[in-house]
Each structure stands twice: as C-alpha cells, then as structure tokens.
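Engineer: Single-letter residue listing:
There are 2 protein chains.
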Amino acid sequence: MNMQEIAIKAKDASIKLSALSGEMKNRALENVAKKLQERKNEIIEANREDLLRSEKENLAAPLLKRLKFDESKIADVIDGIKSLISLPDPVGKTISSTELDEGLELYRVTCPIGVIGIIFESRPDALVQISTLCLKSGNSVLLKGGSEARETNRILAKIIEDATIEAGMPQGWISQIETRSDVSEMLKMDGYIDLIIPRGSNEFVRHIMNNSKIPVMGHADGICHCYVEEDADIDMAVKIVTDSKTQYVAVCNAAETLLVNEKIAGDFLPAVKQQLDKKGVEIRGCEKVQGIIDTKAATMDDWATEYLDYILSVKIVKNMDEAIEHINRYGSGHTDAIITKDKNKAASFLSLVDSGNVFWNCSTRFSDGFRYGFGAEVGISTSKIHARGPVGLDGLIIYKYKLIGNGHIVDDYSTHVKTFKHKKTHKNFPI
Amino acid sequence: MNMQEIAIKAKDASIKLSALSGEMKNRALENVAKKLQERKNEIIEANREDLLRSEKENLAAPLLKRLKFDESKIADVIDGIKSLISLPDPVGKTISSTELDEGLELYRVTCPIGVIGIIFESRPDALVQISTLCLKSGNSVLLKGGSEARETNRILAKIIEDATIEAGMPQGWISQIETRSDVSEMLKMDGYIDLIIPRGSNEFVRHIMNNSKIPVMGHADGICHCYVEEDADIDMAVKIVTDSKTQYVAVCNAAETLLVNEKIAGDFLPAVKQQLDKKGVEIRGCEKVQGIIDTKAATMDDWATEYLDYILSVKIVKNMDEAIEHINRYGSGHTDAIITKDKNKAASFLSLVDSGNVFWNCSTRFSDGFRYGFGAEVGISTSKIHARGPVGLDGLIIYKYKLIGNGHIVDDYSTHVKTFKHKKTHKNFPI
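Taken in sequence, the protein lines are chains V and W. Quick note: the first sequence, position 273, residue 273 per my numbering, numbers continuous. To convert, take the position in the second sequence, counting from 1, and add 431; that gives my numbering.
Zero decoy hints are in this set.
Estimated spans, in silico, between C-beta atoms of each pair:
#1 W:Ile-742 to V:Lys-421: 32 to 38 Å
#2 W:Ser-503 to V:Ser-21: 49 to 55 Å
#3 V:Asn-210 to W:Ser-632: 24 to 30 Å
#4 W:Glu-634 to V:Lys-279: 56 to 62 Å
#5 V:Lys-421 to W:Gly-722: 41 to 47 Å
Worth flagging that the hints you see were computed from the coordinates, not collected in a lab. Everything numeric in this text was worked out from a predicted model, so none of it was measured. Just so it is clear, CB atoms sit at the ideal spot from N, CA and C, and this is done for glycine as well.
Given only the sequences and the hints, what does the whole structure look like? Please build it.
Structural biologist: Here it is, written out as structure tokens:
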C-alpha cells in the first residue's frame with residue numbers, strides 16, 4: 001500500500017473505531033497485553049538485532065540504553081496497558097446538555113479526533129504506549145519510529161495489530177510507516193490525518209511544524225527557567241535549581257536559564273554555584289553575575305538556547321516583572337518555576353508567565369505525564385490551543401454536538417411561532 | 432505602527448489582560464455599552480457613509496442589508512454586551528486538581544489563549560460581538576473587517592478601544608487592521624498571534640488556512656446533508672428538508688445534498704419535490720432519482736459543491752451505511768441530519784457521521800451559536816481539534832498547569848525516597 005491508501009484505510013477504520021464500546025476496546029487491550037507476554041521472546045530477539053546493529057553503527061551509549069527492550073521493559077508496558085484498561089472510556093461522555101426548546105435537546109459529547117500520525121524517537125516502549133493510548137481513545141494511528149529500533153518496532157506493531165484485529169478492532173486502525181519519504185507523504189495527507197504528534201529533536205519537530213497543513217501538537221524547544229525571588233529560602237532555591245538543571249539534563253523540562261533577583265544574588269549565587277560545581281555544571285553568567293561569582297560570560301544567544309547539557313545561563317534581574325518579561329520573551333512556553341515565600345508574588349508569576357506549566361517552589365522536572373498522574377503521555381505540548389503541557393488520553397479526545405428533535409425547524413423560531421428556552425439540563429446523552 | 436509592532440503590543444497586552452479580574456473586564460464591558468449608547472449618532476453617521484458609498488459601488492442588496500447598522504442594531508449589540516457581562520468569568524476556573532504528594536499540588540486552570548486575529552465579513556455587529564467576546568475571555572484581538580464597512584468599523588473599534596482603555600484595560604489589546612497587505616503580514620506573525628479565526632467566503636478562508644503557520648479555526652465549506660431513512664415520517668422529513676434547504680440559503684448550515692433510502696424514495700421524493708418547487712429550488716438528482724421525479728441530472732461535482740443557493744442535489748442510497756459513507760466522503764464535517772423513527776439507527780448515525788454537528792429529526796439550520804444558547808459566537812469550526820461546531824466564549828479559552836510545592840525535587844522520587852500519591856482532590860486553585 002502507498003501512503004495515501006494507508007491513510008484512507010486509517011480514516012475508514014477511525015469511523016468504526018469511534019463507535020466501539022469501552023468494553024470492546026478494553027478486550028482488545030487485554031489481548032495486546034496477553035500477546036506481548038506470550039511473544040516476549042520474539043520481541044527480545046528482535047531488540048537484540050537492533051542493539052547489535054546499533055552498536056556496530058556506534059550509536060551513543062545513552063541512546064543504546066533507551067533502545068534496550070528487555071523482559072523488565074516488557075513487563076512495564078504490560079503494566080501500563082493494565083492501568084489504561086482500568087481508566088474509564090473517554091469517548092461518549094456528555095460534557096453539557098441544553099434543552100433548546102421542548103423536545104429539542106442539545107448534547108455536547110466526547111468523541112475521538114480521528115487519525116493521529118505519530119513520529120517518535122528510539123524508545124520502543126513509546127510505540128506500545130502511544131498506540132494503546134490511541135486505541136483507548138478510539139483513534140486510528142500511523143506510527144513512524146526511529147530506524148535504530150526498526151526490528152523491535154516491527155514486531156511490536158505486528159503483535160498489537162494482530163491482537164487487536166483478533167479482538168474485533170477494524171483493519172487498518174494501526175499502521176507502521178518506515179521511510180522518511182513516507183513521512184513526507186504523510187505530512188501532505190491533511191484530508192485524512194487530523195493531528196500529527198512529533199517527538200524527536202528540536203530541528204526535526206520544527207521541520208514537521210513548518211511542513212504540514214495538519215495541526216501539530218508537540219514542542220520544539222524546552223527552554224525552562226527558574227526564578228529566585230528576593231525573599232526565597234536559599235537552601236530550598238539551591239535544591240530546586242540543582243534538581244531542575246541536573247536531575248536529567250537531556251530532557252525538555254530541564255532548566256536552561258536561572259534568573260535571580262538582584263537583592264538575593266550576593267547570598268544565593270555562591271551557594272548555588274557550590275552545588276552546581278559539584279555536578280559539573282558550566283555556568284554562563286551575565287555581567288552582574290560575573291561580578292559576584294566566577295563564570296563564563298553569557299551572550300544574547302544563551303538566553304535562547306536549549307543546552308540539553310550540563311550548562312546553565314544565569315542572569316540577575318531587578319525584580320519579578322523583569323524576570324517574567326525575560327521568560328515570556330526567551331522561553332518556549334514549556335515550564336517555568338518561581339522560588340519565593342510570598343504567596344501573592346507566586347500567584348502573580350503563575351498568572352503572568354505564559355507557559356503551559358508554571359510552578360511555585362518545586363523543580364521544573366515535575367512537568368511530565370507520569371509525574372502528573374496521567375498514567376502515560378503522548379507528548380508535551382507547547383501550543384496554545386487544544387492541549388497544553390503533558391498530554392494524556394484527553395488530548396486525543398474532542399467532542400461533537402448531537403441534537404435530538406422531533407421535527408423541529410428553524411423557520412418556527414425566526415417567525416416567532418416558537419421561542420428558545422435554552423435551559424441547562426444535566427442529562428447524559430440518552431441514545 | 433507596522434504589523435509586527437501591532438502584534439508585539441497585542442502580545443504584551445495579552446499577558447496583562449490574562450491576569451485581570453472578571454470584575455475589571457466587566458467594568459470595561461459596561462463602559463463599552465455606555466459609550467456605544469452615548470456615541471450612537473456618530474456610529475449611524477459613519478454607517479450612512481458606508482451605505483452611500485457601497486450603493487454607488489453597486490453592492491448587492493443582501494450585502495447592503497447586512498452592512499446597515501442602525502439604532503436597533505446598536506441596541507442589539509448593547510443587549511449582547513449586557514448578557515456577556517452576566518456570564519461567569521471563563522478565566523481562572525480550576526478544571527482539575529491532584530495531590531501529587533504531600534504538599535505538592537497540581538491544578539489545571541483555565542486561561543486565555545493570548546492573541547487572536549479575526550478576519551470577518553461585512554456585518555459591523557460582528558466587530559462588536561467578537562471584540563467583546565475576546566475581552567471577556569482575556570484575549571487580545573487584531574480585527575480586519577470588510578472594506579464596505581470601513582467607516583462603521585473604524586468608529587466602532589475606536590469607541591471600544593477608548594472605553595476599555597478608560598476602564599483600565601492594557602493599551603494595544605485591540606487593534607484594527609485595514610489593508611490586505613496587513614492581513615498577509617498578520618498571517619506570518621506566528622511568534623505573536625496564537626489563533627486566526629477567518630469568517631468570509633470559502634475561497635478566502637481556504638486561502639488563509641493554506642497560508643499561515645498560525646492555527647486557524649473556522650470552516651471553508653458547509654456541505655450539509657439530510658438523510659431520510661426508510662422508516663421516516665414523510666411529513667416530518669419534508670418539513671425538515673425544506674427548512675434545511677430554504678430557510679436561508681446563503682449560509683453554511685443550509686443543506687446542499689439530500690440522501691434518500693431507496694425504500695422510501697417512491698413515496699417521499701414526489702412529496703418533497705412539491706414543497707421545494709414552491710420555494711423555487713432546483714433539484715439535481717442521481718439517475719435513480721430521475722426515475723421517480725423529473726429533475727436535472729446531478730454530476731459527481733454536485734456531491735462536493737456548496738451551492739449557497741436554491742439548488743439541492745439528491746441521491747438515492749441503498750441503506751444508512753451508504754448514506755454515512757457518502758457524508759463522510761463528500762461532506763465538510765459541518766452539520767448532517769438523519770430523519771428516522773428508529774432510535775438505534777439515529778444513535779448509530781450520530782456516532783458514525785464524522786461532523787461537528789449531528790442531528791436527529793431536526794433542521795440543519797439549528798447549528799448556530801445563538802440557537803445553541805451560547806449568546807454569541809466567534810464562528811463555526813469544522814476542524815477536529817480544540818473546538819468544533821459553533822464556538823462561543825469557551826473556544827477562546829485554554830488552560831495551564833499550576834504546580835505548588837514546598838521545595839519538592841524530582842530526585843527524591845527517582846531515588847525512591849518519596850513516592851507519588853496522585854490523589855484526585857476537588858479543590859480550587861488556592862492562590
């Protein structure tokens with residue numbers, strides 16, 4: 001099949017999928033869990049091939065680690081599927097209901113989005129998580145995984161497809177695509193694909209965002225900030241900044257820039273430097289920072305750079321307003337934290353910083369679907385519509401309006417034979 | 432100011448606007464209502480200029496009618512503002528709350544989207560409705576109205592700007608742009624503008640959708656269907672089809688195609704033809720239709736055409752599945768209705784038709800923000816994410832995650848010193 005045929009099949013399947021009951025979808029998920037368990041040796045064998053090939057190709061050690069998909073990883077994804085099964089069906093929930101007039105009832109009811117195209121990095125567990133999230137939410141999915149994980153992804157997609165079709169899911173609801181040219185084709189399928197979720201390098205995500213008419217949910221940069229207000233508890237601030245920067249540097253929710261109120265800088269900077277030095281963090285400071293601690297010089301570029309490394313840019317600001325302005329200018333709308341004892345200042349910061357995740361007195365590293373308790377996430381969004389921050393099941397859901405009448409026509413209302421009641425009811429969609 | 436300066440000012444203003452209380456915004460809306468009343472003669476005078484010029488330029492009569500903005504229209508928009516004031520503030524509502532761990536509380540809280548660019552057709556009341564909806568929801572707005580209404584739009588935008596700035600709204604939250612080249616510039620401002628809502632001709636909306644990286648909410652086509660099932664009440668079906676087609680033909684929610692189950696076609700088609708003939712509707716039928724009633728022949732193009740005129744394409748289908756397939760292939764995801772006595776068939780149709788508005792036994796013409804009881808609408812969306820169908824205040828709202836801690840760091844959880852509770856609470860955001 002070519003890309004268009006795959007997309008058309010996915011669209012057709014999505015219509016059928018949207019009408020399936022939660023029980024049907026859960027049975028399919030149960031079968032996936034069962035088959036993953038039964039066929040785990042095949043998976044491990046395929047993964048061994050990927051690991052061997054990637055080692056030969058000198059894939060970096062951290063990537064090799066992410067690529068590894070062993071018995072314990074398989075157990076993890078099976079656990080994930082089981083907790084997904086325990087969640088309520090997100091489809092068919094009545095969000096609101098209005099009696100427009102006697103016998104004319106409007107319901108806003110949740111439904112799947114349709115067809116989701118997902119492009120993701122090396123970890124094979126992402127394939128299982130994402131496709132099961134799509135199934136639970138009733139969406140068809142087109143998957144493009146990293147080529148390092150080619151064999152593992154193939155067997156995983158095959159097992160999921162077989163197990164779900166066997167359990168009555170429609171043919172074509174899940175497809176794997178493998179080549180870059182297929183991805184280019186996919187980005188043109190705005191007639192069939194409703195949403196693209198890219199997970200990969202910044203350049204790659206930006207490339208996707210710039211090259212498709214299909215809506216894209218995701219994030220390119222993660223330029224996260226910590227701001228230390230003048231009244232901050234210095235020990236707490238040191239702890240939070242160190243965790244935000246160093247707990248795991250290669251991820252989007254790691255802090256890249258530290259902003260410090262000038263009134264606390266003299267006390268705070270030497271203290272935080274001591275901890276950051278221990279972790280091997282290179283500090284790039286503005287001129288004022290360099291007057292207090294010994295650091296490299298930060299340039300304008302540093303404020304707009306996501307290092308994803310043991311590097312932190314540091315700037316002294318006059319007050320919180322300047323910090324907020326800096327964050328809204330140079331940040332990426334991902335995650336930003338303030339450390340302060342002052343509740344009103346915190347409230348103001350959380351309101352005025354225009355980011356999907358805004359934190360008071362805790363580490364930026366918390367912005368993550370698992371830590372937020374979503375079970376699994378399809379990604380983190382920095383867009384301003386539809387869904388922001390970590391996106392779980394409900395980012396894959398939308399709604400439609402269902403109107404039930406009994407021969408009602410608009411002419412009766414425009415000629416004032418009848419008038420609207422618009423009475424809010426609290427009823428579930430009845431049919 | 433050039434377009435970029437306008438957009439930057441709007442972005443800066445949106446940050447301030449997002450933190451204003453509902454009372455502040457309502458006071459500004461009250462002042463708008465007051466000033467529109469006080470300065471109504473200026474408005475009527477400006478509108479007279481537009482009407483005179485447009486008459487000279489031979490603007491079509493229906494468009495002249497929409498352009499007219501007299502005392503009663505002014506009273507209408509003032510009423511609209513008053514009902515908007517009575518609505519609760521959509522910003523700052525806690526959607527969900529979770530205790531991640533002791534002292535670490537996550538809140539999902541509504542907030543404005545940011546900067547909205549709106550391009551709309553001739554009716555000047557749209558300017559007032561849209562800008563007051565944006566104000567109530569805390570969004571900055573860039574407005575481009577139709578050139579026919581130039582003078583009316585100028586005075587209206589000026590009054591709204593003056594009245595709101597006087598009431599303490601931030602400078603730059605509202606700007607009017609007037610030229611086509613400014614629109615082209617606006618579409619490039621994806622760094623500052625978060626959402627574009629175009630309201631105009633199909634070609635125009637499609638042009639916007641194809642020429643901006645900014646998310647676009649709206650609809651190009653409105654190819655709406657009525658499907659008459661075999662068991663339909665024929666009188667009811669005739670009434671609904673006639674209303675859907677003829678109640679107002681020049682609008683997106685008018686029916687363009689009628690699908691009829693073959694088992695009822697012999698009885699139904701002559702009956703509906705009689706009514707449609709009375710209204711002067713040209714019928715274009717498939718071959719089977721032509722075997723029952725005397726009509727022009729429909730071509731393949733007819734199924735994909737939005738006539739916006741007294742023309743209806745009619746097709747006989749074998750069963751509901753074929754109707755649903757036709758609608759999902761040729762429809763525009765706007766509004767589609769089934770006429771049937773069978774509850775199960777209705778439920779299935781409403782579930783399987785992939786449109787924002789799906790109706791049982793009532794006219795397609797009901798899909799409208801006013802009829803739905805939203806008070807006002809910014810437009811109707813056929814996109815699959817963020818908002819579908821008629822979009823009122825809540826389509827201008829998104830959310831952010833606010834996390835409150837007390838020195839919490841992720842390292843404690845990854846080293847298993849602490850574990851997450853993920854306890855759903857039902858608390859409002861406390862600060």
